[in-house]
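**Q** Once you've looked at the hints, dock chain W against the given chain U.
Protein chains: 2
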Amino acid sequence: MEEKIKKVIRDVPDFPKPGIIFKDITPIMMDAKLSNEILDHLVETYEGQGIEAIAGIESRGFLFGYPLAMRLGIPFILIRKKGKLPYDKISCDYDLEYGTATIEIHTDAVGHKTKVLIHDDLLATGGSAEAAARLIEKAGGEVAGFNFLVELEFLNGRQKLDSYSKNISNLVTY
Amino acid sequence: MEEKIKKVIRDVPDFPKPGIIFKDITPIMMDAKLSNEILDHLVETYEGQGIEAIAGIESRGFLFGYPLAMRLGIPFILIRKKGKLPYDKISCDYDLEYGTATIEIHTDAVGHKTKVLIHDDLLATGGSAEAAARLIEKAGGEVAGFNFLVELEFLNGRQKLDSYSKNISNLVTY
Chain U
1 MEEKIKKVIR DVPDFPKPGI IFKDITPIMM DAKLSNEILD HLVETYEGQG IEAIAGIESR
61 GFLFGYPLAM RLGIPFILIR KKGKLPYDKI SCDYDLEYGT ATIEIHTDAV GHKTKVLIHD
121 DLLATGGSAE AAARLIEKAG GEVAGFNFLV ELEFLNGRQK LDSYSKNISN LVTY
Chain W
1 MEEKIKKVIR DVPDFPKPGI IFKDITPIMM DAKLSNEILD HLVETYEGQG IEAIAGIESR
61 GFLFGYPLAM RLGIPFILIR KKGKLPYDKI SCDYDLEYGT ATIEIHTDAV GHKTKVLIHD
121 DLLATGGSAE AAARLIEKAG GEVAGFNFLV ELEFLNGRQK LDSYSKNISN LVTY
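Residue numbers (the numbering used here), protein chains in the order written: chain U, 1 to 174; chain W, 1 to 174.
This is chain U alone, in the form it adopts within the complex (with noise of 0.2 angstroms):
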């Protein structure tokens, strides 16, 4: 599945700016073959699992995150940038390069004690993840693990995750 994955995802050198090379993912969402390969593979190794709810991080966490929350019969959490969600919300801040970056979560969205996963598209330094997790704590809810597509591992992500959770799982590692 990993070999499968990286020969799809594609390389674009210099973006968001010079010296980074962006892992573009979206020629996965082009082949709707590997795109359910994919979700056949998440659902058979979160099924049985006791998890409750999962929460998808704004926008590209919703890409999988949702099918997978409905294939497990499960809600599906919005996690989404500031300003975004229109009910009552808590917010959290985290740390960008330069600046800060924040996230929302509707108060009455996850269940007091569910277990809940997070999932995105890309693990890198992990700020965001982090974040979630504190915004599913703050909701009631108990982080039930961490789930990526794709990990930058030499950014050591995992360190600022392995508190809420052990449960830490990317198809795909660079």
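It is worth saying that the hints were derived from the structure and are not from the lab. Heads up, some of the hints might be wrong.
Intra- or inter-copy, both count: the list cannot distinguish identical chains.
[Unchecked claim] Here are the simulated BS3-like cross-link-like pairs (lysine-lysine), alpha carbons at most 25 angstroms apart as the crow flies:
id	residue 1	residue 2
1	K138	K113
2	K17	K33
3	K23	K81
4	K17	K82
5	K113	K17
6	K23	K4
7	K33	K115
8	K81	K17
9	K113	K33
10	K89	K7
11	K6	K23
12	K115	K23
13	K23	K33
14	K17	K89
15	K6	K84
16	K89	K23
17	K166	K82
18	K89	K6
19	K17	K4
20	K166	K89
**A** Below, chain W without anything else, positioned relative to chain U:
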């Protein structure tokens, strides 16, 4: 189906500004049974209709757009906000109430004359959907239709779209 969805959609008064009643669809995502029923309904609607790709508008258009494409076995095209797509791209501006917004598509995301269904969660004034249609055509594709979860009929968004395709459908009307 419409009544079932309307029971779940939440009215949020004064969002994003005073006097607007926002239709919050996030409770649909919390309801896995309803989510699967909606997806099944969309699959039944578009199966065998000659649709060759689905384009979803960031970010709520990703929610049902990608699962629908996966179920139909066709490519999913991401239409994103300015600056988010990493590769060679085409841009299109559209008017907001105050100022303009820009959406983008990868130049290689649409095959020549590919019949594309444009999907988003909400048809309001139709500005972003029309911009999406222009992007699909600029990229070499054909607009085979538009699909929305919710239409705000009193805003007459269809008027902006029917020169691209008469095939405009939605699940819920207000």
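**Q** Now tell me if each hint is right for this structure.
**A** Verification of the hints:
1. K138 x K113: within (11 angstroms within a copy, 49 angstroms between copies)
2. K17 x K33: neither (32 angstroms within a copy, 43 angstroms between copies)
3. K23 x K81: both (21 angstroms within a copy, 18 angstroms between copies)
4. K17 x K82: This pair counts as both: shortest intra-copy Cα distance 23 angstroms, inter-copy 15 angstroms.
5. K113 x K17: The answer is neither: 41 angstroms in one copy and 33 angstroms across copies each exceed 25 angstroms.
6. K23 x K4: within (15 angstroms within a copy, 40 angstroms between copies)
7. K33 x K115: between (30 angstroms within a copy, 19 angstroms between copies)
8. K81 x K17: Classified as both: same-chain Cα gap 21 angstroms, cross-chain 17 angstroms, threshold 25 angstroms.
9. K113 x K33: between (36 angstroms within a copy, 21 angstroms between copies)
10. K89 x K7: between (40 angstroms within a copy, 21 angstroms between copies)
11. K6 x K23: within (10 angstroms within a copy, 39 angstroms between copies)
12. K115 x K23: Result: close neither inside a copy nor across copies, 30 angstroms intra and 28 angstroms inter.
13. K23 x K33: within (20 angstroms within a copy, 34 angstroms between copies)
14. K17 x K89: Classified as between: cross-chain Cα gap 16 angstroms, same-chain 33 angstroms, threshold 25 angstroms.
15. K6 x K84: Cα proximity of K6 and K84: across copies only (21 angstroms, versus 32 angstroms in one copy).
16. K89 x K23: For K89 and K23, only the inter-copy Cα distance (16 angstroms) is at most 25 angstroms; the intra-copy one is 32 angstroms.
17. K166 x K82: Classified as neither; 28 angstroms inside a copy, 36 angstroms across copies.
18. K89 x K6: Only across copies: K89 and K6 sit 22 angstroms apart there, 37 angstroms inside one copy, limit 25 angstroms.
19. K17 x K4: Neither: 28 angstroms inside a copy, 46 angstroms across copies.
20. K166 x K89: neither (27 angstroms within a copy, 39 angstroms between copies)
Hint compliance for this structure: hints 2, 5, 12, 17, 19, 20 are broken, all remaining hints hold.
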